[in-house]
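One letter stands for each residue in the lines below.
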Amino acid sequence: MKKLQIAALAVLVVAIVSFCLLEAGTLASLQSGLLGILSPITRSGGAVKKSISGIGKDLMTLEQLQKEYDRTLAENRRLRAENSGLRDLQTDNEHLRQVLGYRERSSFRLVPAAVLGHDAGAWWSTIKINRGSKDGIAADMPVITDRGLVGKTTAVSGDMSEVVLISDENCKVAAKVEGTKEQGISAGARDTAGELHLTFLSKLADLQPGQKVYTAGVSGGIFPSGLALGTVKSFHARELDGEAILEPTADLGDLEEVFVVTGAK
Amino acid sequence: MRQALLFIILLILLLVSVALQDLLPAIPIAQSRIQLLPIVFCFAMLALPLLPALYFALITALVQGLLVLQIQAGHSELGLTLPIVFFVSWAIVLQMSSEATHGMRWELHAAGCALVILTLLGGEFLVLCMKRGGFPLDVNIGLQILIPALAAPFIAPTLYFGLRGLVPFTPDAGPVASQPSFNR
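For the protein sequence lines, the chains are Y and F, in the order given. Just so it is clear: in the first sequence, position 203 is 210 by the numbering used here, and no numbers are missing. Just so it is clear: in the second sequence, position 31 is 292 by the numbering used here, and no numbers are missing.
Chain Y with its partners taken away, still in its complex shape (with noise of 0.2 Å):
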């Protein structure tokens, strides 16, 4: 064998072992370092996915009015989706700041994001947005749309971020049940199709089919009190706690544009 390929394994040899001993900052510093290589590609792709998807409508409808209705459109699913938040602060989130001294709280600041892809690997639920640091995406972002929460963002590059939905089994919610006093944390399975459990419930809790479940908002928490979570499709006791199975509000399998909660306005 060359000198030069002794060399060159031996490279490979320090680099394989170099990775292997990398540390989580290290990795998600990587990571976003992958996403900003692909952002261009992926861009580039999805425009001309959706291009390609909008032909028929294009051929229906005058360019001016599609541009229209489509900024209307937008305009509509914020204020839904800021009514959404609103909701649950109006009842119990004024209570609570009259009573604990809670600083009132204010509508979302939020960044609307087309929705780029959806991770192809079968054991994670994530998507890809067109929007990054740039532009005042961070980490640990919530995402929801005018139906309810998403999820939340967690690899950002410049120009593109990653989103884990609510369905991963790694994203956790705080979650509680309305018209009841019950709380617990919601999580995706591996097992289910998009449905969300909802454990950690009293296992005398007395959740019906179709009560709504938002978030619960707790301190030092990612995502804010009152988004809309999921509807109770069943409930279950088990050996310890309770287990609800949700219905997620938002449509995760069709997402095409969200919203990225930057901050309280």
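Quick caveat, the hints were computed from the structure, so don't treat them as lab data. A few of these clues could be false.
Calculated cross-link-like contacts (lysine to any residue; reagent style SDA-like; alpha-carbon spacing at most 20 Å) [to be verified]:
no. : chain 1 : residue 1 : chain 2 : residue 2
1   : Y       : LYS179    : F       : VAL329
2   : Y       : LYS179    : F       : LEU281
3   : Y       : LYS179    : F       : PRO397
4   : Y       : LYS210    : Y       : GLY249
5   : Y       : LYS179    : Y       : GLY227
6   : Y       : LYS56     : F       : LEU281
7   : Y       : LYS57     : Y       : ASP258
8   : Y       : LYS188    : Y       : SER232
9   : Y       : LYS188    : Y       : ALA244
10  : Y       : LYS56     : F       : ALA287
11  : Y       : LYS272    : Y       : VAL118
12  : Y       : LYS10     : F       : GLN264
Short derived list, chain Y residues pointing at chain F, Cβ under 7 Å [to be verified]:
no. : residue
13  : LEU37
14  : GLN38
15  : LEU45
16  : GLY52
17  : TRP130
All residues carry an ideal CB built from backbone N, CA and C; glycine is no exception.
Take the given structure of chain Y and dock chain F to it, following the hints.
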């Protein structure tokens, strides 16, 4: 020089495949997703000599590992070790298979893609079961593993001949392919 050019072309295709597989819609059955990255990986393993193939396997492992990376409480759930071991192992196996069959063959590429996807998805599932606990294997999960693997042999030949066209100096483009040789 030719090998370097081939390596760069395959590297670009690897990144394009990652972006493309995210853009493709899910297969209606069990919401399975088409996997393109392993198809490009398998082609590279068959087309490149051993050392560049190992480097390519390392890069593929980094890309795949970082794509599924999730940081939980300051710790990465999977890290890069398992993807590196997985892809380097498959690189060696595919290189040996290629030598055993006297060069690149589209049948080998198609079968390799199916096996790589099957073991990739199955392996990820098993690792997650060990990390997170539980073993929720059901029909839906079985289909999510099987369907992308079964779809791969149908996609692989298209990409194989397409890539061979893009890279006219691939080993089986000329008479070299018919000779048993280690100098691909």
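Here is what the structure says about each hint:
| no. | hint | in the structure |
| --- | --- | --- |
| 1 | Y:LYS179 x F:VAL329 | holds, 17 Å |
| 2 | Y:LYS179 x F:LEU281 | violated, 29 Å |
| 3 | Y:LYS179 x F:PRO397 | holds, 19 Å |
| 4 | Y:LYS210 x Y:GLY249 | holds, 4 Å |
| 5 | Y:LYS179 x Y:GLY227 | holds, 14 Å |
| 6 | Y:LYS56 x F:LEU281 | holds, 10 Å |
| 7 | Y:LYS57 x Y:ASP258 | holds, 19 Å |
| 8 | Y:LYS188 x Y:SER232 | holds, 14 Å |
| 9 | Y:LYS188 x Y:ALA244 | holds, 17 Å |
| 10 | Y:LYS56 x F:ALA287 | holds, 14 Å |
| 11 | Y:LYS272 x Y:VAL118 | holds, 12 Å |
| 12 | Y:LYS10 x F:GLN264 | holds, 19 Å |
| 13 | LEU37 | holds, 6 Å |
| 14 | GLN38 | holds, 5 Å |
| 15 | LEU45 | holds, 5 Å |
| 16 | GLY52 | holds, 5 Å |
| 17 | TRP130 | holds, 6 Å |
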